[in-house]
Each structure stands twice: as C-alpha cells, then as structure tokens.
Amino acid sequence: MTVVSGVPNDMIAYGDRVTALDLDLQRKGYHLEEVLSKVRGMEGAPAVPALGNDLSSYGRRHLPEDGKVRAVGHALLQAATAGASPVARKEPGFQQSLGAGVTTMDSANLDSFLQSAMRTETALERSEENAEAGQQLADDMNAAIAAHDWDRVRELARQLADRRDDADFTAAFFNTIGAKNALQVAWQIRGDEALLKQFDAALATATNSVDIDPNFVHGLFDQGNAPDGRLKGREWIQFMSGLLLDGKFSPDFLRAAGDLFLGSDARAWQMVPQADLFIQALNRNPEFAYFYMTEDTGGGHTRMELLLGEGSFTWNGGQIADDVGALVESMGKLGQLPRDTLFHIIAKADDGTSYYIPDGVRRAIYDLLTQQPDRASSVPYDLLGDFTSLTGEFTDEEKKRLFGLAEYDWTGHPDQGRIDGLQAAVINWLHDHRPADPLSDSPDAINWYDHVGQLMGLWAAPQRDAAHSEAEREHLQHVVVGTLTAVVGGTVLAVPAVGEILGPALLAGAGGGIPIMVAAGQEAADRGTASKLDDQMRELYTLAVGTARTELIIDAIAHDQSIVPASVRNQGTAAIQGYLRQLAGVMDGDSMLSWQVNGQPVFSGDHDPAYVKANELRARMLQMQATIDQRFLEFAE
Amino acid sequence: MGDDDQKRQLDFAIDDAVRELTSAIGMLRSHTSDRIALGDRVLQNWQGQYADEFRPAYAGMKNEATSLVNSMLALIRDLNNARVPDVFPQPVPLPAPSPPAPGR
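Chains as they are written, first to last, in our numbering: chain A, 137 to 773; chain B, 17 to 120.
Don't read these hints as lab results, they were simulated from the structure.
Fair warning: there could be bad hints in the mix.
[Unchecked claim] Covered stretches of chain A, as calculated for chain B (at least 3 residues, CB under 8 Å):
hint, region
1, 140-148
2, 175-188
3, 203-213
Keep in mind the model is a prediction, meaning the values are calculated, not measured.
Even glycine gets a Cβ: it sits at the ideal position worked out from N, Cα and C.
So that you can see chain B by itself, here it is in the shape it has in the complex (with noise of 0.2 Å):
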C-alpha cells in the first residue's frame, strides 16, 4: 500500500472516528442534562441516610461526565490536527444562495 493509500485509510478513520466521538458528546450531554433536570429535583425534598450517600455521588458523576466531554473534544482537535493536507482536494465552497424571487 503507498502512502497516499495509508494517509487517506487514516484520514478515513479519523472521519468514523470524530464523527462517533461527536455523537457521544452529544448523549453525554444529554445523559447530563436530564440527570441534573431529575436529580436536583429528587434532592429539594430527599432526606436521610441514604440522601446523604447520594449527594457526593451525583456531585462527582456531573464532574465526571464534564471531563469526559473536554477529553472527547480534545480528542476530536488532535484527530483533526493529524490529518495529512492536501490527500483530498479542499472542499469547494458552495455558491451563497440567491434570494427568492419577487412575488413567491
């Protein structure tokens, strides 16, 4: 296999590999957001023993989860940053599109 073929194997790879990075940021959000929406309202009234245990669990799974996301970005950056220039032409840009047409 020459070298074009191996970059643009890798530069294939790079595409699943941010595009499956990119999809699981946005569960990981999601999964969050759901978690703090539900979460914060079951602690307003939760009281006891095992209220206690929960608290600093769920305070370190939001943490956890924020991490997870900046280490999946920073991923997604160097993935970008390795790709070999030049292997695929340069996307063209699209024409910008023209204005309707009076009276539609």
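Extracted from the complex, chain A is given alone in its bound form (with noise of 0.2 Å):
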C-alpha cells in the first residue's frame, strides 16, 4: 500500500496564496516587457534581455505545479471527509478539525479525488489567467486614456473585442477600468459601429459574470461619468443608447437601463429610435423582460401597457412598433404562463377600439395563437387547447379582443393571411386532439365538441361586423370549405382499412364524397339552430357543425366498421356514399328505418345491429350539436 499524508489546509492556503502571486508576476512581466521595449534599439542603450517575458514565464510555467498543491489538499479533504455521516459534517468545526491535522490514506483511495479537484483546479486556473489578461488589457487602456492617446485606445478596444464572450476576462477589464474609462471607450469608438457592437458584447457579457461589481454597472449609467462634460439631456440618452447595440445584458444592466431609456426624459424627447434599442435589447434577455414588463408599475399597471397606450412610444407604429412585437413574442414562448399573462396585458390594453394595438403585436398574438413551437420546448405545444380550456383562464370578452387583433390590422382591415392561418390552426386543433372514442360519454369527447363550437365561434365573431364584400365572404367559404375538405379527407386516408371502405371516390376533390357529407351535415345544420344567424354566421355554422358530423362519422367508422351495413357495401362505393350522405344529414325525429340505397332498404328493422349503431351514432351527433351550438352562440353572437 503507498501512502499519502499531508495537511490538507497548509496545502490549500499554499495554492490559493502562491497561484495569485503567480499571476501577479505574469502581470508584472508583461508590463515590464513593454517598458524594457522602449529600451531596446535606442542609440548607446546596452543590451535589454527580456527579463519582463522571463518574469511572465516564470509564473506562468510554474501555476500548474502550485495549483496542484491545492488539489491535492482538496481531494486529501475530501477523501477524508467521504465516509462521515451526515450528522457528523454538520458538526460545527467539523472540517476545520479534519483540515488542520495531518491526514494520511492510501493513495489509491485519494486517486478519484484527486482527479475531480485537478479538474476544478483547472478551470479555476484559466478562470484567473482568464482575468489576469483582462486586469492586463485594463491597465494598459487606463494608461492610453490617462495619456490621451486615442489611437491606442481604439486598438485595445479591438483587443477587448477579440475576448469578448469571455466573461472572466471582460469583468476583470471592466472593474478594472470602470465606469467612467469604460464610457470614454465607447466614446472614442462610436464612429466605428462595428467595433462598437463588439465593445458592447463585451460589456454585456462581463455583466452576467458574477465577478462584475454592481457599482460599475450603476456608474455606466450615471450622467457624472459622462465622458464629455457637455453631453446632457438627450445627448446623453444619445449617446448612451449605443451601449446597446448587441450582446445579452444582465437584469441589473436592463433595469438600469430601462430608467433611461424608458423613462420620463426620454418619452417627453420622443427618443424613440433609442427607447427601440432598449427594446432590441430586452428581446436578447426575454427572461428577464418577461419578468421587467409584466411587472406592477403602480395602479395596476406594467411597462407593456405603456409601451401601447396612446401617446406610447409606438403610437406612430414603425420600427419600435414591430420590435415590441418581436418582444412580445419570444416573451410568450417562454411558457404558458408568460403567455397568458401577456395576453391578459394585451387584451386589457385593449380599449375596444383596437387603435392602439400595433400591428407588430398583433401578428405576435397571432404567432402565439397558432405556431407550434418545438415539443422539447417547456411551452405547451397545445396552444389552442390552453388558450381555450374551459378553467376560466380568460374571459370570453379577452378571447373575442384577441382573436379579432389577431385577424385585423390596426386601421380595421382584415389581414386574411392571419384569418386563413388561424382557420387552419383552428381545424388542425381539432383533429388533433379527436377523442379516442367518439361515441363515448366521456369527457374528452364532450370536451371536444365544446371545443369545436368555440374555436369556430372566436374564429368567425371578429368577421361578423366586418364590411367584407360578397365576392370576399365567397372566397371565405371557398377557403373553409377547401381546408376542411383536405383535412377530413386526409384523416380517412390515415386510418387504416377506412379507405379501402370508402373507396377513393369518396376522397376526390369538389365532388367526391367527404364535401357531399359535410354539405349534408351544413344542411342539418341548417335546419335547426341556423335560423338564428344571419348569413354569413349561417355559412360559417353550419360547415363547423357539418365538418363535426362528417369527423364523427369517419371516426366512429375507424373504430368499427360494421357503421357501414354489410348491405350497403356490397352496393359498391356509389351506394355507401349515398348511405354516409343520409348519415351525415340525419336529425332528430327522422325515419331511417325508411331509408333505401338502390331502391333496397337498408335496414332490416328496429333490431338490425347495423340499425341500432346507426341509431346511436346519430343520439351522439346530436348531443355533439347541442354543445357546438351552445358555444359557438356564445362565442359568436
């Protein structure tokens, strides 16, 4: 067995102490090298050896071994303290007892250990050499500043952009120039906006290190630090706007700059091109800007209603207006919650009139009404289903607002891209999220018809008072009544069997059978709770009610085939058609015992299996009508 002993405290105070002089030295070194350079090369200089680089190498070469030290000590600490009971390492001095004595094991036993502490010892070495070069970098741009030299200033600020995803070193450079040099940068470099967006990514990386010190961050944004004593008011603003340009800043930062750039000065200016790159900047931290916007301002009130109220920075619409949607969206994909409250936010902001709504928040709630995000994401991938669900999340009157921003433009015109993708959405939904056993009572079934009712219902109410023209309320149904066509007709082929029963008549275009079965569902439809409606309500209710029937139909058909009497299908594909058609259309109160194909009756009597599933597939169509009427009444009265 070989042994290994040491004092595991003596050992890490002599690498955290040691390490931090090797650094010290490296610094050293690189500004002695620069200085003895100067030296060099003059006229009746002697010969300048390059001490300043032997020096950095000398601490450089020799970190590893110091840091080992420390390894060990931890992995000996740790080693020792592996086998203690939880009671026992809460003792007070517990550790500090092992530390401070002499621990000896085998060294197999501290193998493991050691391995786990090289490697954190390795990350904190380059953590440090990491902050050493940015403390470097730092004295060299305060000595260029000190010094006036411009030239030198804009150099090293390449330098820093080089590093600039470097947390370690960009918040070493930072705490060490501060806040005032670090405003002098940008100030000497706001002419090259590249370089400036680079500066700026540094500046926001070094303020999500946890090294960053608070009070830089406060000092960037206070006006004393400014680096030209003239620059006041909205130079300021100004100025300090290009701090902004790219890179995802810390919530303190954000905050911080939010008071400015959101703030009474800059709303009474109008700064609005710099209030929009706050924005820009928000949306690079949506976290943080779901948590800065939703929050109570006072009465009630949030940041994201200012930014749509009237008089707000995007009463005039243009580039902030389309930024606040950007936010707004990637704010509402962070999750159910973010999603719903912002709809709360929006729908309230909301005064009725909709002229206050941008049209880039409006496509957002569009996007968020109908994009399906990725399923490993943490949002609910079943969009429509949540924003519908029958818990009482939102008021009817918060669903009607949204749909309708969703579906006009801020100046009252129909965007019918927007109305045809949210139909789309709306029908994919619905097949989507089919109940296993459509003649079931149970409440995913019942649940679904309410759904159906109510997702066509919010759909058509924002059109219902709209001034379409007839050749636009035409080219309307023809857009319904295609989308529901090729998405039914695509259902029967996924199921297997259903097809070959139907035959692939029943699925051709305009005439074949599926738009047959929903004109016939249209026109029972129609027989009842239609003759409320006015048309164009009429048109849309009836295809949501004879799109359902025609769904339930093929579903139960899935489910068992023997829906079709053995009669009918030995007719061929003409005769089934006929038969589903008289299924699709069927009400309360009509004789199907009386129904004939090829002047054959279908049934054979009231105790005919094929006559009691028929009879009961058509109880459970009716039920499925109450409840899409109840709800699409609802919805769109």
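The task is to assemble the complex, starting from two chains supplied on their own in separate frames and drawing on the hints.
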C-alpha cells in the first residue's frame, strides 16, 4: 500500500496564495517587457534581455505546479470526509479539524478525488488567467486614456472585442477600468459601429459575470461619468443608446437602462430610436424581459401596457412597434404562464377600438395562437387548447378581443393571411385532439365538441361585423370548405381500412364524398339553430357543424367498420356515399328505418344491429351539435 | 531630433525601466518569501508520490527566482551605466536637516 499524508489546510493555503502571486508576476512581467522594449534599440542603450518575458514565463510555468498542491489538499480533505455521516458533517468545526491535522490514507483512495479536484483546479486556473489577462488589457487601456492616446484606445478596444465572449476576461477588464473609462472608450469608438457593437457584446458578457462589481453597472448610468462634460439631456440618452447594439445584458444593467430609455425624460423628448434599441436589447434576454415588462409599476399598470397606450412609443408605428411585437412573441414563447399573462395585459390594453395595438403585436398574438413550438421546449404544445381551456383562465371578452386583434390590422382591415392561418390552425387542432372514442360519453368527447363550437365561433366572431364584400365572403367560404375537406380527407386516408371501405371516389376533390357529407351536415345544421343567425354567421356555423358531423362519422367507422352495413357495402361506392350522406344529415325525428339505397331498404328492422349502431351514432351527433350550438352562439353572437 | 534630445529620451526610458525593474524585483522577492514560508510548512508533513514530484520543482522555483532577481539587478546596473553624464544638471544635495527647536 502506498501511503499519502499531508495537512490539507496548509496545502490549500499555499495554493491560494502562491497561485495568486504567480498571476501577479505574469501581469508584472507583461508591463516590464513593455517598458524594456522602449529602451531596447535606442542609440546608446545597452543590451536589454527580455526579462519581462522571463518573469511572465516564471509565473505561467509554475502556476499549474502550485495549483496542484491546492488540488491535492482539496482531494485529501474530500477523501477524508467522504465516509462521514451527515450528522457528523454538520458538527461545527468538523471540516476545520480534519483539514488542520495530518491526514493519511492509501493513495489509491485519493486518486478519484484528485482527478475531480484537478478538473476544478484547471478550470479555476483558466478563469484566473483570463481575469489576469483582462486586467492587463485594462491597465493598458487606463494608461492610454490617461495619455489621451485615442488611437491606442481604439487598438485596445479591438483586443477587447476579440475576447468579448469571455466572462472572466471582460469582467476583470471592466472592473479595472471602471465606469468612467468604459464610457470614455465607448465615446472614442462611437464612429466605428462594428467595433462599438463588439464592445457592447463584451460589456454585456461582463454584466452577466458573477465577478462584475455592481457599482460598475450603476456607474455606467451616472451622468457624472459622462465622457464629455457637455453631454447632457438628449445627447446623453443618445450616446448611451450606443451601448445597446449587441449582447445579452444582465437584469441589473437592463433595469438601469430601462430607467433611462423608457423614463420620463426619454418619453418627453420622444427618444423613440433609443427606446427601440432598448426594446431590442430586452429581446435578447426574454427571461428578464418577461419579469420586467409585466411588473406592476403602480396602479395596476405594467410597462408592457405603457408601451401600447395612446401617446406611447409605439403610437406612431415604425420599427419600435414591430420590435415590441417581436418582444411579445419571444416572451410569450417562454411558457404557458408568460403567454397567458401577456395575453391578459394586451386584452386589457385594448379599449375596444383596437387602434392602440400595433401590427407587430397583433402578429405576435397570431403567432402565439397558431405556431406550434418545439415539442421539447417548456412551452405547452397545445396552444389553442390551452387558450380555450374550460378552466376560465380567460374571459370570453378577452378571447374575442385577442382573436380580433389577430385577424385585423390597426386600421380595421382584415389580414387575410392571418384569418386563413387561424382557420387552418383551428381545424388542425380539432383533428389533432379528436377524442379516442367519439361515440362515448367521456369528458374528452364532450370537451371536444365544446372546442369545435368555441374555436369556430372565436374565429368567426371578429368577421361578423366586418364590411366584407360579397366576393370576399365567397372567397372566405371557398377557403373554409377547401381547408376542411382537405383535412378530413387526410384523416380518412390515415385510418387503416377506412379508406378501403369508403373507396377512393369518396376522397376525390370537390365532387367527392367528403364534401357531400359536409354539405349534408350543413343542411342538418341549417334546419336547427342556424335559422337564428344572420347570413354570414349561418354559413360559418353550418360549416362547423357539417365538418364536425363528418369527422364523427369517419372516426366512428375507424372504430367500428360495421357502422356501414354489409347490405350497403356490397352495392359499391355509390351506395356507400349515399348511405353516408344520409347519415351525415340525419336529425332528431328522422325515420332511419325508411332509408333506402338503390331502392333497397338499408335496415331490416329496429333490431338490426346496423340500425342500432346508426341510431346510437345519430344520438351522439345530436349531442355534439347541441354542445357546439351552445358554445358557437356564445362566441359568435 | 538633436543628440541631446536623443540622450534625454534614452534617459527617460532608462528611468522608466529602472523603476519597473525595481518594482518587479520587490514583487518577486516578496513572492519568493511567501512561497518559502508556506511551501516549507506544506512539505513538513507532506508524504507520498505527489510530494515527491513537487519537491524538485519547488527547489527549482526558488533557484529560478534568485537567478531572475540577479539578472534584473545586473540590468539595472547596465542601464544606469548607459546614462550619458551631464545631460541633466546633477541633483543638488539637500541641506542637512536642522535640529528640532528646544522645547518642542
């Protein structure tokens, strides 16, 4: 057995102190070499060896050896405490007493702990070296600023840009130069936008480092640190907006920036482009943006709301209005709670005229209602189902407003692309969420009928009052029928054996069986509730019901193929179509026993198993239609 | 640039270099002193493979530090020797401090 022994605390103390000194020597050597290089080559100067480089090399070469002493100390301590009970670990001074004494163990027991400690040590040393390099650059930058050597400042800013993603480096750099000199650098490079963007990205990286001095961030927004004494008022805000061109800033930074760019001065002076840069910066940190924009700023108002109201930054549209929309979308995609919260705020901000909500935000609402995010993300996949849940998350009025905002632009004109997109999303959602057994009394089945009515009603409601021309209405109907037919047809094909039973003719185009079934369902709907609706709503309602009936029949056949009686199937495709058309249009009180196909009765009597099944299907369709009626009228009236 | 200017520039550069070298020597001496105080203490009780690896490296660090300090001292001497006399007026010695007044 090979024995290892040592005093862990002594080793750790050595490593902590001496590695810090190694880093100091590296930095000192760097500056020494700079000074020596100025003497070297001057007339009359002696030979000047590169002792600065030697000093840096000394610190750099010994850093890993000194760091390993610390790692062995940590490993010894961890190995010695690994077997201790949780109670013993909690004893005051437990670690201290172990670490201060000589620890002895089999070296084989130490190795696994040492491997882990060395990984930590390597990362720590890398981090310390990066910080040291950042301090070196900051020393040079401070010297260049003190000498008013602005060319050198720009050159050093480019060196910073090369390390802009390094949190240790950038935090050490900015901590060392401080807020005043950081602003001076930004001032000197303000004419070079590409470089300024990289500087901003470095600043953003630093603000997220745990090592950044909080006073540095606050100092940046202190006008007393302005690089030019004449920078005041509008010019100060304009200059400061140059810090926002790139990078994901920390919450501290963004909060301080928000006070400046969305503050009363910025609003009074209509600093819209600068506020827009802030919105874009927020959008690069949507997690913080969500908390910031939905915070109560007093009187139950949120910052989000203030961006949408009359006289707000978005009042005149433009880029900022689009960017606020993009921000809403980013925040809304963070998850169900953010999306619902934003929807509540926007629905509340809209006073009914809808004029205050910019198109960008309307687009965001549309996207949040229709886009299916990555299933692996934390965002609920079931966007429409969540939005129209029966738990009362949204009031009916909020739902109607949000659908209206999604379908119409701020001038009150319909956005046909979004209306079509919403319709397709609604229908796709209905297909994706069909109940497993459509003929059952399960809550799933009942909820689905409810959603059919609700979603179609929500989709249609905003269009009811719109002044569509006859041609536009016809176009809408055409699109509705086409979409429904295509989706239902797709469903049929996807169900094994059903396509075979129904035959290809049933699926074919506008003259095929599916549209005929939908039409029959529409007729059935027309005979009931539809008479209470005006022309346009009647069309939409009957389409919803016709489609739902067709869906139900197709699903029922997939579940039980004997729904189509053998007596009908034996007579071919035309007979099947005829039977299904009658089934799709059946109403309460219709005498199904009298149905015929090709002059032959379909059912042998009321004990015919096929009749019992068809009768049961009728009952379900009527139940479904009643639910749809109720919800559709609620949302469309 | 005239000869005198060049000589002055060299003198300024030597001033900076000597100042920086002196500071580096101070830092390295202090560093080495800390290293020795802490390192010797660690090695009093440290046994095993890793201690055996560290001991020669530790000795090398101390020797290397001494050698570096000597090189820097030598460079300071060379730099001071390279100064051109009479470029600047020789500093006038300060008068000896007067003794404190009685009763103070």
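Hints, one by one, checked against the model:
1. For the region 140-148 of chain A, the proposed coverage by chain B is satisfied: 6 residues have a C-beta within less than 8 Å of a C-beta in that chain, meeting the threshold of three.
2. With 11 residues bearing a CB less than 8 Å from a CB of chain B, the region 175-188 of chain A meets the requirement of three and the coverage assertion stands.
3. With 3 residues having a Cβ less than 8 Å from any Cβ of chain B, the region 203-213 of chain A passes the three-residue criterion, so the hint holds.
Going through the hint list in order, the structure satisfies each hint without exception.
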